[in-house]
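Engineer: Sequence:
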Amino acid sequence: MPGEQGDSLPTPEVDVEAFQKVKKSIEQGRYTTLIGDPDEAKPIVDRLSGELAQTHTIMRIAIPEAGKDFPAVLSEFIPLAPEEARGEVEEGFGFTYNFSRLMKKTAEVSKQPVLAIVENLQHVTFARDDLIRVVRALANDRASDRELKNLTFLLVADKHPSDLIQDTRGTPYNIGTNIYLQS
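In the numbering used here, the protein residues as written are 44 to 226.
Be a bit skeptical, because a hint or two may be false.
[Said to hold, decoys possible] Within a straight-line C-alpha distance of at most 27 Å, the following computed BS3-like cross-link-like pairs (lysine-lysine) qualify: (1) 192 - 154; (2) 192 - 67; (3) 66 - 202; (4) 85 - 66; (5) 154 - 66; (6) 67 - 147; (7) 147 - 111; (8) 154 - 67; (9) 148 - 67.
Keep in mind the hints are simulated off the structure, nothing from the lab. Remember, predicted model here, so these are calculated numbers, not experimental data.
My request is simple: use the sequences and hints to build the entire structure.
Structural biologist: Below is the structure:
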């Protein structure tokens, strides 16, 4: 019978302090990284997505443990973008170029702030460095591109993105707000 003990799955515990920090950072338009155990991060991202759904355009993807490469990440973001932005992806151009164009156009045409969420960043297989760098480039471009102020990223990983970069000669990830989950 509905409502009896054992009928529903337990609600995952949300780290309220971390949730409040993430929400405040996103509402202030900061690029944010949530660092910690994926099982602890997921309920925070679930709650955040639910609470911000009315005020933000949410573009959320989760990378499975089996992993996805950057082109597959781009492919998952395309259908989440507004129709006007999807036309920015051009066959024959690189995935970093297309991802950047897709995000810029999404920010331009969206009537609400755009929150792009990449969960389990550590599971991106091929070209993870490029994904991290294009997010950094989009953050840097905010200084000169007014529409990009409408775009915010939430990267969720078990390590800081600079620890996930394989080519350490490249640009380190040192933008935004880092929030660590206490395990």
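Engineer: Does each hint fit the structure? Answer for all of them.
Structural biologist: For each hint, the structure was consulted:
{"no.": "1", "hint": "192 - 154", "in the structure": "holds (12 Å)"}
{"no.": "2", "hint": "192 - 67", "in the structure": "holds (16 Å)"}
{"no.": "3", "hint": "66 - 202", "in the structure": "holds (20 Å)"}
{"no.": "4", "hint": "85 - 66", "in the structure": "holds (14 Å)"}
{"no.": "5", "hint": "154 - 66", "in the structure": "holds (20 Å)"}
{"no.": "6", "hint": "67 - 147", "in the structure": "holds (23 Å)"}
{"no.": "7", "hint": "147 - 111", "in the structure": "holds (23 Å)"}
{"no.": "8", "hint": "154 - 67", "in the structure": "holds (20 Å)"}
{"no.": "9", "hint": "148 - 67", "in the structure": "holds (25 Å)"}
Hint compliance for this structure: no hint is broken.
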